[in-house]
Structure formats: structure tokens, C-alpha cells
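Colleague: Here are the chains, one letter per residue:
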Amino acid sequence: MSDFSNLSVKLENIPDFKSIELTPIHPKFRRILSIRYSIALILSALVLSTLIYYVSLPLWSYSLMIFVTLTIFVLIYLEFFEGFPNRKFGIRELDIIYQIGFLVKKETIVPFNRIQHIEVTQSLLLRKFNLYSLLIYTAGESSGDLKIAGLDHHTAQKIKSKVLQEIEDE
Amino acid sequence: MSEELNFRSPQRQSFKGVFVLFITDLLKNVRQNFIVLLLPFVNEKIRTDYLWIFLLILSSLLLFQFIYSYKSYLNYQFYIKKDALCLDHGVFKKSNLEIPFYRIQNISIEQNIIQRILGVVGLKIDTAGAKSSEVRIKALSEMMANDLKRELVEIKKTIDVPDETKKNTTVSTNQGTEPEHVLKLGFSQLLKVGISSNFFKGIGIIFLVLTSTYDMLSDLFNVFYDDDLNDELYRSIPKTLSFTLFMIFFILITGFIITMASVMFKYFNLSILNRKEGFQVNYGLLKKENKFIKRQKTQIIERETNPIKKFFDTSNVYVSQASSSRVNQKQKIGIVGVNDQQFHKIFQTLFKTDIDKQFYVARTDIRYLIRSFWFQVLMTLLFGLPIYFFIDPVVAFVIGSIVFIAVGMINYLTVIKSYVGYDALFLKIGSGSIHTKSSYIPTHKVQSISVRQSILQRSSDLSDLIINTAAGSKKINFIPYDKAITIMNNTNYNLHQTKEEWM
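Chains as they are written, first to last, in my numbering: chain A, 6 to 175; chain B, 711 to 1213.
Chain A on its own, in the form it takes in the complex (with noise of 0.2 angstroms):
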């Protein structure tokens, strides 16, 4: 492993995203999120329930697909509910970095001038708590796209136009 012999720029001049302070996403999201948990755990427990009640099969099975589903709804909580708080954001002047997850933690970067175009929706459930998402697109594949769910309108805005002026700026 060599130096940075070829680099003209000392190490510490370089900005570590790690060192900037990130804002959490708007609290009342996680109360999103416990419903659509809800919801999801109550249509499993419908659908094993009647599977289990008209289809004949043998008992192994069903204890397999019961335990399946309770291992799928512990990790989906720890997820959601232990990971709520690693969702955040951070708006550097040049870039906006999102973290978000728990079993499995991601960290993005990217920056405005890759940005192509940016969307705000709103489905029913967050428009009842006044709460955005906010969508960046970028040229790369839609796995690079950058979407950050459970702002409320000011913030969501903000970052639209900090990003549409840096766009314009270029």
C-alpha cells in the first residue's frame, strides 16, 4: 500500500463526511413506519391463517412458514425501529450525504452537480402527518438515487432549492 505520494493536497485538508454533524429526519415518521409494520404484520398473520385453516399440509411446514415469518418481522423491526434514529441527512456546500439503516448500514454522497433532477411526493399515509419524500436522481443506475423519506415541508424545500441553486450556479 503506497502513500498519497501523487496527491497534492495534504490529508487533512481533505473534509471527512464523517465529521459533520447529520439532522435526523423528521420523528413523527417512525410513526409511518409502525403502521405500515402493523399493517403488513396483520395481512401475514391473515394470510398464514387462513392457508393454515383450509390447506391440508403437514405439520412440519406450517411451523416452518410461521417461524420464516416471525424471523422476517424481528428483523424488519430491528430495522426499522432499533435503525429509526441512523436516519439522517447532512447538507454540505457542495454535496448532501444521507445515512440510513440498521442490519444493514448504508452512507451515500452526492454531490449537486451530479444531480439531474429532484422530486417531492407525498403518499396518502404521510400526507396525514404533514411529512415528504424527498427523490434525487442521478445519471447512474436507480440504485445510486438518493431517497430520503420523512421531511416536512421546510426541510423538504429547502434541500430542493439549495440543490436547484447549486445546479444553476455550475
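Just so you know, not all the hints are guaranteed correct.
Each computed DSSO-like pair below joins lysine-lysine, with the alpha-carbon atoms no more than 30 angstroms apart [to be verified]:
id	chain 1	residue 1	chain 2	residue 2
1	B	Lys1138	A	Lys111
2	B	Lys804	A	Lys167
3	B	Lys1138	A	Lys110
4	B	Lys803	A	Lys110
5	A	Lys93	B	Lys803
6	B	Lys803	A	Lys33
7	B	Lys1147	A	Lys110
8	B	Lys792	A	Lys163
9	B	Lys834	A	Lys152
10	B	Lys1001	B	Lys1062
11	B	Lys781	A	Lys133
12	A	Lys152	B	Lys1042
13	B	Lys738	A	Lys152
14	B	Lys804	A	Lys93
15	B	Lys1185	A	Lys111
16	B	Lys804	A	Lys152
17	B	Lys1185	A	Lys93
18	A	Lys167	B	Lys867
19	A	Lys167	B	Lys1209
20	B	Lys902	B	Lys1127
21	B	Lys1184	A	Lys23
22	A	Lys165	B	Lys867
23	A	Lys133	B	Lys804
24	B	Lys1184	A	Lys111
25	A	Lys110	B	Lys1185
26	A	Lys165	B	Lys1209
27	A	Lys111	B	Lys1042
28	B	Lys803	A	Lys167
29	A	Lys23	B	Lys1209
Hints were generated in silico from the structure; no laboratory data involved.
Based on the hints, put chain B in the right spot on chain A.
Modeller: This is chain B only, laid out in the frame that chain A set:
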């Protein structure tokens, strides 16, 4: 005199948009659910007793569909803001989309058959990037579409810097002097390329051919004999280890020959010509191909080699480009038979710089083998189980062990060869197992960058690094977390520093 439409205030589409949306969605629903629609024709009970319920549900669904289309039309509004085109739409999920003018690459008017019948057109706005970043206004009167397009084009003219690098047209480049040949593949080189090619493709073709002829033979057999071909074969196959090994050997040899032949046919007379804006690539015997590698659009250059290729001093080069045209496809152009000198020439021409040897490297940790262990188990079962049931348990055990060890070795090689190297101008990503692949991405071609860490990786401080470009994403697994962060910070920093455009 037509009324001057003011696009600064929110506009709706043509009212016919309701019907365009309705019919389009209806067709989509029918296509997805036509099995359900066939129920009355198939099931006697539904046809006689429940037909009226079925029809009732169907007509209420149609009604809801129509109401939804109407609401969609009402909520769909577009207007021009100071620096962007804005679109508001949505019924259940409201959306506000803003496309900065600066990002609009292409504006086109299109018309599918439904639009033609209803007498409207669609306006498509392309930004750089994948299909998901196309925007379509689906039902405008032709006049409105033309007005909007005209206004957008006018605005773009005032914004766009008249710059040679932004021209989308390919300039005719016969410069007077003979274009230089970077590479010209003679027959002996072509042979070397064929011999050193990956023969798994050939094996795949064999399996396809075998299974289809087997089906054909099996049917023929049933016509002439009472017996089933399956049983006949089962009785006659010698259940010995030597026979199984012979079969495998036979398949490998035939696969090899097929691969060699198909590669040689494909890349016959390969030539690369140096042009003003990039490279002209021609090849093919039966199917002649002419491709152009544009310097501006090149995002990633990959070089692939294997022990046999190294012996012949040849390698494969894959150039991935981004496309800003209507098609918006990512193009990957493959070139074979490239030696070191030719590769340096290609690299230098496309990226305007030499390959730097000094890279800060982060290697994939050996613990990645844990993740790939499951694939190993799967492959062993895939090979072992059929042999166990149809030939012999002992043979199955032997073959299974061979497969387990072989896949394990391949996994090990994959880990050893996986790394990401970084310097001020480039990212170099190593990958491959039996073959060795190096991918070069100029830092300024990066679109976004992420690091991912699962809870299992956290305990050993490892992570996956994901580099997104306009020609696809690259993932490097199980590298130290702090190194991933360093690479992210530095790539990002250099991305901002550079004045160069990514396309």
C-alpha cells in the same frame, strides 16, 4: 391568432388525456390479469350462478379506473419556473418533480397508437442517465406540445455554453491523413484469442442443444417403441465413475471447441482505428459490426486477462459508455486480442493520461469467503443430488466433493483478486476469479458513492463500497471500513476539484 399560452402558470394536458390514461392503464390491467378475466369462460359455476356478481365487480372496477384517470388528469399540471420545468402529478401519492433546464438533454415529441387515435401527442424530456429519469407528458395537443418544446429549446439556448464538448453530433472525421490503426487482428492472433476464451458459454450452449435434441428424440422414440426413452437410457447407462468422468470431459472439450469457433467468427478481422473523437471498431465474419467509442462518453475501461491470455500476450478490453441519446442505453463495447502496448494506447487516448502505478489500495478481506460459502454449498448440491439419484451415491459423493473444492478454490481466487485502488485521477477496481479483471474509472466520472455495512461486518470493521457511474455500478466487498471512508472522501473531493465534464 392562437392564444399565447403562458407556461409560467400551471397548465393541464389536453382533456383527452383522461382517455389516454384510462385506456393505457386499462390495457395494462387486462394484460396483467387476463387469467382472472378468462374465469367465466373456463369455470362453469361462475358462468351460470355468479356471472352477475362477476360483471358487477368488473364494471365497478372500470368505474374506479375511470375516476382515477380523471383525477390523474386533474392533478397533472406542468409549468416553467425560473430555472426548471416543474411537473405536479399524482392521485394517492402526490409528486412534485423539478427538472433544471441545465440538465435537460433532449426534448422530443412522440405518438403511440392510442395517442394517434385520440389526436394527441406526448412530450418526452430526457436528462442524462437511466430510463427512470425520462419524463413524459402523455397527452398534449400538437400545438401545445410544439409551443412548449419551442419555449424549452429557447430557454436552453440561453443557458447552454456553446461548447465543443457538449455537441451530440458525431463529427465526420476523415482528416486527410490516413486514420491510424491501433489494432488489427490477424488470423494467428484471432486463434490465440479463441483458445484463451472462457468456454463456459460453449458448455451452456451444449446443454441447451442436448436438452432440446433429447426432447425430440424422446418423442420419436415413443412413436416407434412402447418403451419410454428415459427408462431405456437409465438401464443402459453404465453406472460407473469412469463413465461420468468421461461424459464431463467430453462436454468440456466440445464446449471449448464451440466457444473457440464462436469467438473467432465474432471477432474476425477486428480493427480499431484512431479517430478525432475516439475509436472506430469493426469486426465480424457473418455478422459485421461497426461501433464507435466516443472519448467524451466513455465512463469505464475494463481489462480482462487469464493465464492462457497472458501466455499469448493478449487481453480483452471492455469500454462502457453513457449515452445521452433518445435510446438512453448503456453501451459496452468489447475488444479482444489487445496487448500491453495497445492497451496503453487505448487508455491514453480515451482518458488523456497514462495509467498511474501508484494506487492507495484496499483489499477484500478473506472473511468474504463466509458470504460466498453458501454459493459453494448450493453448487455442490446442484451437481451432487442429480447424480446421487440417477447414477450412483458413491459417484455422487466423489463428484460432489470435486465440485465443492473447485467452487471453493474459485471463491478463494475471487477474494484474492478483489480490491479497490485509488489515486487523484482514477479508481481502479480489481475483480475476477479464473480470469483477472481490472476496471478503471476516472474520478470525475463517478455519479455517487456509498458504503454499506451489515451488522455482521461491523464487528470486524469491514464494509462494501459501491461506486455509481452512468455506465453502471461497481461494488467492492469486505474492505476495511476506515479505508472505504477514506476512498469516499477522497473521490468526492477530487470530483469537486476537477473542471472536467463526465460526459
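Colleague: A separate judgement is required for each hint: does it hold in the structure or not?
Modeller: Now the hints, each set against the structure:
Restraint check for Lys1138/B and Lys111/A: satisfied, since their Cα atoms lie roughly 22 angstroms apart, inside the 30 angstroms limit. At most 30 angstroms may separate the alpha-carbon atoms for a hinted pair to count; Lys804/B and Lys167/A meet this at roughly 22 angstroms. A threshold of 30 angstroms between alpha carbons decides the hint, and for Lys1138/B with Lys110/A the separation of about 25 angstroms falls inside it, so the pair holds. Pair hint Lys803/B plus Lys110/A holds up; C-alpha atoms about 27 angstroms apart against a cutoff of 30 angstroms.
A hinted pair counts as satisfied when its Cα atoms are at most 30 angstroms apart, and Lys93/A with Lys803/B qualifies at roughly 23 angstroms. Between Lys803/B and Lys33/A the alpha-carbon distance is near 18 angstroms, which keeps this suggested pair within the 30 angstroms criterion. Between Lys1147/B and Lys110/A the alpha-carbon distance is near 28 angstroms, which keeps this suggested pair within the 30 angstroms criterion. Restraint check for Lys792/B and Lys163/A: satisfied, since their Cα atoms lie roughly 16 angstroms apart, inside the 30 angstroms limit.
For the given pair, Lys834/B sits about 24 angstroms from Lys152/A by alpha-carbon distance, which is consistent with the 30 angstroms threshold. For the hint linking Lys1001/B to Lys1062/B, the alpha-carbon distance of about 21 angstroms falls within 30 angstroms, and the restraint holds. Restraint check for Lys781/B and Lys133/A: the C-alpha separation of about 20 angstroms stays at or below 30 angstroms, so the hint holds. For the suggested pair Lys152/A and Lys1042/B, the alpha carbons sit about 28 angstroms apart, so the restraint of at most 30 angstroms is met.
For the hint linking Lys738/B to Lys152/A, the alpha-carbon distance of about 27 angstroms falls within 30 angstroms, and the restraint holds. Restraint check: the Cα-Cα separation between Lys804/B and Lys93/A comes to about 23 angstroms, which is no more than 30 angstroms; the hinted pair holds. Only pairs whose Cα atoms come within 30 angstroms are accepted, and Lys1185/B paired with Lys111/A is accepted, the gap being roughly 13 angstroms. Distance hint between Lys804/B and Lys152/A is fulfilled; the C-alpha atoms sit about 15 angstroms from each other, no more than 30 angstroms.
As the CA atoms of Lys1185/B and Lys93/A are separated by approximately 23 angstroms, the hinted pair is consistent with the 30 angstroms bound. The straight-line distance between the Cα atoms of Lys167/A and Lys867/B is roughly 24 angstroms, inside the 30 angstroms bound, and the hint therefore holds. Taking the CA atoms of Lys167/A and Lys1209/B, the gap is near 21 angstroms; set against the 30 angstroms cutoff, the hint holds. A distance of roughly 24 angstroms separates the Cα atoms of Lys902/B and Lys1127/B; the hinted pair therefore holds under the 30 angstroms criterion.
Our distance criterion of 30 angstroms between C-alpha atoms is met by Lys1184/B and Lys23/A, whose separation comes to about 22 angstroms. The suggested pairing of Lys165/A with Lys867/B holds, with an alpha-carbon distance near 24 angstroms, which does not exceed 30 angstroms. Between the alpha carbons of Lys133/A and Lys804/B the distance comes to roughly 13 angstroms, so the proposed pair stays at or under 30 angstroms and holds. With a C-alpha separation of about 15 angstroms, the suggested pairing of Lys1184/B with Lys111/A holds against the 30 angstroms cut-off.
This hinted pair checks out: Lys110/A and Lys1185/B have alpha carbons roughly 15 angstroms apart, not beyond 30 angstroms. Among the hinted pairs, Lys165/A with Lys1209/B is consistent with the structure: their alpha-carbon atoms are about 24 angstroms apart, no more than 30 angstroms. Taken as a hint, the Lys111/A and Lys1042/B pair is honoured in the structure, with Cα atoms around 29 angstroms apart against an allowance of 30 angstroms. Restraint check: the Cα-Cα separation between Lys803/B and Lys167/A comes to about 24 angstroms, which is no more than 30 angstroms; the hinted pair holds.
Between Lys23/A and Lys1209/B the alpha-carbon distance is near 25 angstroms, which keeps this suggested pair within the 30 angstroms criterion.
In this structure, none of the earlier numbered hints is contradicted; all agree with it.
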